[in-house]
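Participant: Chains V and S, in that order, give the protein sequences. If you want the working numbering, it's the position in the first sequence, counting the first as 1, plus 31. If you want the working numbering, it's the position in the second sequence, counting the first as 1, plus 90.
Calculated from the structure, these hints are not laboratory results. All of these numbers come straight from a predicted model, not from anything done at the bench. Honestly, I wouldn't trust all of these hints.
Unchecked claim - Non-contacting residues of chain V with respect to chain S, defined by C-beta distances greater than 10 Å in every case (computed):
no.: 1; residue: Val41
no.: 2; residue: Thr48
no.: 3; residue: Asp54
no.: 4; residue: Pro69
no.: 5; residue: Arg159
no.: 6; residue: Phe194
no.: 7; residue: Val203
no.: 8; residue: Arg234
no.: 9; residue: Glu253
no.: 10; residue: Ser313
no.: 11; residue: Leu315
no.: 12; residue: Tyr330
no.: 13; residue: Gln343
no.: 14; residue: Ala346
Unchecked claim - Mimicking BS3-like on lysine-lysine, the simulated pairs with C-alpha atoms at most 25 Å apart in a straight line are:
no.: 15; chain 1: V; residue 1: Lys63; chain 2: V; residue 2: Lys196
no.: 16; chain 1: S; residue 1: Lys306; chain 2: V; residue 2: Lys319
no.: 17; chain 1: S; residue 1: Lys104; chain 2: S; residue 2: Lys270
no.: 18; chain 1: S; residue 1: Lys375; chain 2: V; residue 2: Lys356
no.: 19; chain 1: S; residue 1: Lys130; chain 2: S; residue 2: Lys245
no.: 20; chain 1: S; residue 1: Lys468; chain 2: V; residue 2: Lys247
no.: 21; chain 1: S; residue 1: Lys447; chain 2: V; residue 2: Lys43
no.: 22; chain 1: V; residue 1: Lys43; chain 2: S; residue 2: Lys473
no.: 23; chain 1: V; residue 1: Lys47; chain 2: S; residue 2: Lys447
no.: 24; chain 1: S; residue 1: Lys116; chain 2: S; residue 2: Lys274
no.: 25; chain 1: S; residue 1: Lys495; chain 2: V; residue 2: Lys285
no.: 26; chain 1: V; residue 1: Lys285; chain 2: S; residue 2: Lys266
no.: 27; chain 1: V; residue 1: Lys320; chain 2: S; residue 2: Lys375
no.: 28; chain 1: S; residue 1: Lys375; chain 2: V; residue 2: Lys285
no.: 29; chain 1: V; residue 1: Lys285; chain 2: S; residue 2: Lys468
no.: 30; chain 1: S; residue 1: Lys130; chain 2: S; residue 2: Lys116
no.: 31; chain 1: S; residue 1: Lys100; chain 2: S; residue 2: Lys266
no.: 32; chain 1: V; residue 1: Lys285; chain 2: V; residue 2: Lys200
no.: 33; chain 1: V; residue 1: Lys212; chain 2: S; residue 2: Lys104
no.: 34; chain 1: V; residue 1: Lys43; chain 2: S; residue 2: Lys468
no.: 35; chain 1: V; residue 1: Lys56; chain 2: V; residue 2: Lys211
no.: 36; chain 1: V; residue 1: Lys285; chain 2: V; residue 2: Lys247
no.: 37; chain 1: S; residue 1: Lys417; chain 2: V; residue 2: Lys356
no.: 38; chain 1: V; residue 1: Lys212; chain 2: V; residue 2: Lys247
no.: 39; chain 1: V; residue 1: Lys212; chain 2: S; residue 2: Lys473
no.: 40; chain 1: V; residue 1: Lys247; chain 2: S; residue 2: Lys473
Note that CB positions come from ideal geometry on N, CA and C, so glycine has one too.
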Amino acid sequence: MAADEGVMWVEKYRPKTLNEVVDLKDIVESLKSFVRTPKVMPHLLLAGLPGTGKTTVALCIARELFGQNWRTFTLELNASDERGIDTVRDRVKDFSRYSRAAFGNVPFALIILDESDQMTGAAQTALRRIMETSSRTSRFILICNQSGKIIEPIQSRCAIFRFSKLDHKAMVDHLCCIAKKENVTLTPEAAERIVDFSEGDLRHAINALQTASSYKDGVVDEKTVLLVVGEASPIQVQLMIRKALYGDFIEARKMMYDLIGSFGFSGSEIVRQMQRELFKMSDLTPEKKADLSNIIGEYDYRLTQGANSDIQLSALLAQFAKVGKTQGENS
Amino acid sequence: MREELLWVEKYRPKKIADVIGNEEAKAAFVEWLKNKRRSKKAILLYGPPGVGKTTLVNAAGNEFGFRVIEMNASDTRSEKAITKTAGPATSFIALDTFSSESKGNILFMDEVDGIAGNEDRGGVSTILRIVEESQIPVIMAANDPDLQKLRPLKKVSALVRFYQVRIPLIIAMLQKICQKEHVKAEFEALERIAENSRGDVRSAINDLQSLAETTKTLTLQDTIVLSARNKDVSMDETLRSYFSAESLLEAAMLLSRSSVDYDDLLMAVGDNLPLRYTDPSDLAKAYDYVSQADMYRGRIGVENWHLLRNFFNSLSQAAGVSPQSYKPFALISPPIRVITLFWTKGRRTMLEAVCGKIGQRCHVSRATAKEDFVPYIKALLTKKKADAIVSWLELQPEEVEFLTKMNRL
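With the hints as extra help, turn the sequences into a complete structure.
Facilitator: Have a look at this one:
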């Protein structure tokens with residue numbers, strides 16, 4: 032399996048034990064005590080930004096509890112893929128039914144439910160019931176970005192751990208460590224660049240490092256990093272913003288529909304990417320960025336209120352086109 | 091005799107035998123009408139529109155010499171109104187019998203399922219009373235007899251059911267009309283009109299007349315507009331009058347009266363807005379209103395229909411942002427979203443499948459795989475050592491090709 036996982040570095044260098052986890056000392060210490068005495072382990076809720084190690088920690092717990100056999104005793108579900116609580120319920124039921132529970136001194140099987148804040152309130156209520164009925168045989172590790180989106184009754188049944196953005200230096204060190212093992216020369220500036228760009232998201236950083244290393248044999252310098260960042264940026268989204276600011280609404284809308292159609296992005300995903308890409312556009316003044324960012328924020332809210340995301344996205348682009356026009360008149 | 095403009099009226103059968111289709115229903119009705127000791131004083135004819143219910147009653151009156159006193163949905167049918175029209179007719183029967191021509195009156199209440207709740211207050215109960223007190227036969231016709239409010243009427247009436255008229259009968263009828271109107275028509279064209287009518291003779295004749303208005307030789311080609319007309323005209327018309335509305339009130343009234351689905355309407359307005367407003371400020375303002383309308387739609391959900399007024403108000407504001415700039419324009423239809431999703435379905439499913447494979451391997455959801463992995467994997471695939479990734483993710487050759495050629499995300 033080790034050779035098998037060597038392809039994507041994110042997987043290859045995903046920590047196998049809690050000790051190897053980057054920069055989460057406090058969390059790791061308390062989790063270790065659960066692993067030592069599994070009987071007292073409650074349900075866990077891991078909350079935090081993407082790429083900060085939540086899934087990794089969950090998988091580490093599984094490995095440390097069940098050793099080599101962890102896959103047999105662990106059910107990994109992703110709430111944003113398993114649409115509807117029924118699939119979740121069925122799979123959890125099936126899983127706990129065959130009494131795979133009780134391995135060594137571990138009196139339960141483990142269910143890891145990733146992106147659980149994607150579930151609707153109703154689905155979460157059903158989940159709460161499942162957690163109760165199967166609590167004798169299974170423990171849940173719920174993973175989410177925002178713990179606020181998890182209903183209170185579930186939160187109260189879980190021990191909550193919050194993952195903050197990873198420390199800058201720890202990330203740089205980790206990248207250097209990986210580069211060393213892969214026999215890649217990573218210049219310090221390049222490492223800084225990657226970490227800056229990935230905004231505390233280690234998954235992004237490692238993916239960027241791996242991609243950069245494939246450009247030039249054995250060396251990753253600042254230039255290749257910039258190249259990769261450019262290549263891997265959602266160009267489509269930036270182009271759409273530019274078209275809109277240029278006042279070409281119809282063309283911008285066409286690109287919006289391309290994002291929806293060809294890439295299957297949802298309205299909120301597009302808005303989030305716009306927000307992210309906006310700040311990478313170097314030709315806009317900070318004031319302009321702030322104005323546009325405000326507009327995006329407003330329509331991000333409207334998306335949650337409205338019924339039709341196409342309408343809200345179009346309205347957002349129309350606002351951009353208006354801003355672009357007034358800007359053109361001033362200069 | 092005055093010339094009827096509408097063929098439906100011009101060729102309305104005068105004799106029972108000329109009413110096409112529904113032979114059983116016709117026989118049952120005639121028997122009820124002839125029978126002096128009928129067990130039920132009223133009869134309810136029910137069935138889909140345009141199959142000959144009204145025609146049959148009038149033809150029967152004609153043939154048997156009854157005078158038909160008719161009330162239909164265009165009259166208000168409150169308690170007062172019904173008593174006023176029907177009351178004398180039902181009680182003063184004796185006077186009429188002296189006249190040599192008429193054998194008496196029959197009261198005919200057409201479209202009884204159209205009796206509305208508010209304006210026609212007490213309507214159903216009054217009809218019921220008239221049926222009970224009446225000395226003369228009462229005939230009622232309805233499309234949908236299952237309505238709760240008609241239940242009391244059904245209890246006191248004999249029921250006769252009408253079905254859709256069979257297509258060949260309609261074709262024959264259309265052929266007869268064409269002959270008399272000197273219209274040359276392909277058989278296939280008439281067949282299509284008849285099929286399109288779904289057994290509704292009235293609409294078939296109306297369609298024939300409107301088609302024959304433009305050409306005296308009717309071909310199958312000419313009938314292509316038919317199905318489109320039934321569905322799309324109302325959306326197109328709604329949009330057209332919406333964008334050209336001269337006041338807010340006009341736009342709002344029009345929207346609330348249109349039978350178009352609200353969600354379709356919202357989407358169609360959104361699609362067409364940039365064609366209506368070319369100035370970015372106008373467009374932004376208009377979209378802002380539409381966006382607000384959409385938020386109301388979101389709040390309406392499935393139950394808060396009282397908010398519908400706000401939805402219409404916001405939506406009509408969008409039509410009046412700059413009245414002076416209005417120029418007619420070609421509408422976009424069908425919806426952009428539907429078309430986009432149709433043409434890109436293959437690409438989308440392919441991408442979803444790839445993301446599913448990545449998700450399996452890297453412990454992430456498809457959505458995360460799409461945003462965090464696909465851009466990098468795409469870049470990696472074009473470089474050396476790509477084979478390892480391909481086999482690890484178990485990508486098919488066409489998926490690799492798709493990824494490398496994909497638009498830059």
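Participant: Next, verify each hint and record whether it holds.
Facilitator: Verification of the hints:
no.	hint	result
1	Val41	6 Å, violated
2	Thr48	16 Å, holds
3	Asp54	19 Å, holds
4	Pro69	22 Å, holds
5	Arg159	21 Å, holds
6	Phe194	15 Å, holds
7	Val203	19 Å, holds
8	Arg234	6 Å, violated
9	Glu253	17 Å, holds
10	Ser313	19 Å, holds
11	Leu315	17 Å, holds
12	Tyr330	7 Å, violated
13	Gln343	6 Å, violated
14	Ala346	4 Å, violated
15	Lys63(V) / Lys196(V)	21 Å, holds
16	Lys306(S) / Lys319(V)	65 Å, violated
17	Lys104(S) / Lys270(S)	17 Å, holds
18	Lys375(S) / Lys356(V)	14 Å, holds
19	Lys130(S) / Lys245(S)	10 Å, holds
20	Lys468(S) / Lys247(V)	17 Å, holds
21	Lys447(S) / Lys43(V)	17 Å, holds
22	Lys43(V) / Lys473(S)	19 Å, holds
23	Lys47(V) / Lys447(S)	22 Å, holds
24	Lys116(S) / Lys274(S)	32 Å, violated
25	Lys495(S) / Lys285(V)	20 Å, holds
26	Lys285(V) / Lys266(S)	53 Å, violated
27	Lys320(V) / Lys375(S)	21 Å, holds
28	Lys375(S) / Lys285(V)	20 Å, holds
29	Lys285(V) / Lys468(S)	24 Å, holds
30	Lys130(S) / Lys116(S)	17 Å, holds
31	Lys100(S) / Lys266(S)	13 Å, holds
32	Lys285(V) / Lys200(V)	42 Å, violated
33	Lys212(V) / Lys104(S)	98 Å, violated
34	Lys43(V) / Lys468(S)	19 Å, holds
35	Lys56(V) / Lys211(V)	24 Å, holds
36	Lys285(V) / Lys247(V)	36 Å, violated
37	Lys417(S) / Lys356(V)	22 Å, holds
38	Lys212(V) / Lys247(V)	17 Å, holds
39	Lys212(V) / Lys473(S)	20 Å, holds
40	Lys247(V) / Lys473(S)	10 Å, holds
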